[in-house]
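For the sequence shown, the numbering used here gives the first residue as 1, with consecutive numbering after it.
Accuracy of the hints is not assured; some may be wrong.
Said to hold, decoys possible - With a cut-off of at most 25 Å between alpha-carbon atoms, the simulated PhoX-like pairs for lysine-lysine come out as follows:
{"#": "1", "residue 1": "Lys15", "residue 2": "Lys28"}
{"#": "2", "residue 1": "Lys45", "residue 2": "Lys65"}
{"#": "3", "residue 1": "Lys99", "residue 2": "Lys15"}
{"#": "4", "residue 1": "Lys72", "residue 2": "Lys19"}
{"#": "5", "residue 1": "Lys72", "residue 2": "Lys99"}
{"#": "6", "residue 1": "Lys43", "residue 2": "Lys78"}
{"#": "7", "residue 1": "Lys114", "residue 2": "Lys45"}
{"#": "8", "residue 1": "Lys19", "residue 2": "Lys43"}
{"#": "9", "residue 1": "Lys11", "residue 2": "Lys43"}
{"#": "10", "residue 1": "Lys11", "residue 2": "Lys72"}
{"#": "11", "residue 1": "Lys43", "residue 2": "Lys114"}
{"#": "12", "residue 1": "Lys43", "residue 2": "Lys28"}
{"#": "13", "residue 1": "Lys65", "residue 2": "Lys15"}
{"#": "14", "residue 1": "Lys99", "residue 2": "Lys19"}
{"#": "15", "residue 1": "Lys11", "residue 2": "Lys99"}
{"#": "16", "residue 1": "Lys11", "residue 2": "Lys65"}
{"#": "17", "residue 1": "Lys19", "residue 2": "Lys65"}
{"#": "18", "residue 1": "Lys45", "residue 2": "Lys19"}
{"#": "19", "residue 1": "Lys45", "residue 2": "Lys78"}
{"#": "20", "residue 1": "Lys43", "residue 2": "Lys15"}
FYI, nobody ran anything at the bench for these hints, they're computed from the structure.
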Amino acid sequence: MSIDAIGTQTKIAEKIVAKGGHYFLSVKGNQQGLLDDLEYAFKCKRGSCFQGDIESDHGRIETRKCSILPAKDFLLEKNLLAWQDVFTLVKIDASREIKGELHQETRYYISDEKISNPSYLQFFSKRTLGH
């Protein structure tokens, strides 16, 4: 289950896992400590990367680069304990060019899935820049 930042709550992650599901949760400023951990992790290490999803239509070119890291190696202990079975940290660098104007955005996510292939996670993170 993919949930935007407003739904990134420890209780929601616990309920998803308890029902046998998996979570892919957006991390933004409403979880500042967790966001700080993710930003620092990806500054320290690049992680496994996948560049792809170059889309071109209606005069727009969009590319996304997905990077993943193991949560246990980078999250502070309090964040590891707070998030039910957190396993993977995800960073999406997206850029979109429309009629020569470039827009860039970085998004962060956490997931309980044990994924070693970042191309799999790009499916969950697809959305238009700025939304």
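Here is how each hint holds up against the structure:
Simply put, lysine 15 and lysine 28 have alpha-carbon atoms about 21 Å apart, close enough for the 25 Å limit, and the pair holds. For the hint pairing lysine 45 with lysine 65, the CA-to-CA distance comes to about 15 Å; that is within 25 Å, so the pair holds. Only pairs whose Cα atoms come within 25 Å are accepted, and lysine 99 paired with lysine 15 is rejected, the gap being roughly 44 Å. Only pairs whose Cα atoms come within 25 Å are accepted, and lysine 72 paired with lysine 19 is accepted, the gap being roughly 23 Å.
Taken as a hint, the lysine 72 and lysine 99 pair is broken in the structure, with Cα atoms around 42 Å apart against an allowance of 25 Å. Restraint check for lysine 43 and lysine 78: satisfied, since their Cα atoms lie roughly 20 Å apart, inside the 25 Å limit. For the suggested pair lysine 114 and lysine 45, the alpha carbons sit about 18 Å apart, so the restraint of at most 25 Å is met. A threshold of 25 Å between alpha carbons decides the hint, and for lysine 19 with lysine 43 the separation of about 34 Å lies outside it, so the pair is violated.
Between the alpha carbons of lysine 11 and lysine 43 the distance comes to roughly 29 Å, so the proposed pair goes past 25 Å and is violated. Taking the CA atoms of lysine 11 and lysine 72, the gap is about 20 Å. The hint holds against a cut of 25 Å. The straight-line distance between the Cα atoms of lysine 43 and lysine 114 is roughly 22 Å, inside the 25 Å bound, and the hint therefore holds. Between lysine 43 and lysine 28 the alpha-carbon distance is near 17 Å, which keeps this suggested pair within the 25 Å criterion.
At most 25 Å may separate the alpha-carbon atoms for a hinted pair to count; lysine 65 and lysine 15 exceed this at roughly 30 Å. Between the alpha carbons of lysine 99 and lysine 19 the distance comes to roughly 46 Å, so the proposed pair goes past 25 Å and is violated. With a C-alpha separation of about 43 Å, the suggested pairing of lysine 11 with lysine 99 is violated against the 25 Å cut-off. As the CA atoms of lysine 11 and lysine 65 are separated by approximately 30 Å, the hinted pair breaks the 25 Å bound.
A C-alpha spacing of about 31 Å is found between lysine 19 and lysine 65, which places the hinted pair above 25 Å, so the restraint is violated. Distance hint between lysine 45 and lysine 19 is unfulfilled; the C-alpha atoms sit about 33 Å from each other, more than 25 Å. Restraint check: the Cα-Cα separation between lysine 45 and lysine 78 comes to about 21 Å, which is no more than 25 Å; the hinted pair holds. As the CA atoms of lysine 43 and lysine 15 are separated by approximately 31 Å, the hinted pair breaks the 25 Å bound.
Hint compliance for this structure: hints 3, 5, 8, 9, 13, 14, 15, 16, 17, 18 and 20 are broken, all remaining hints hold.
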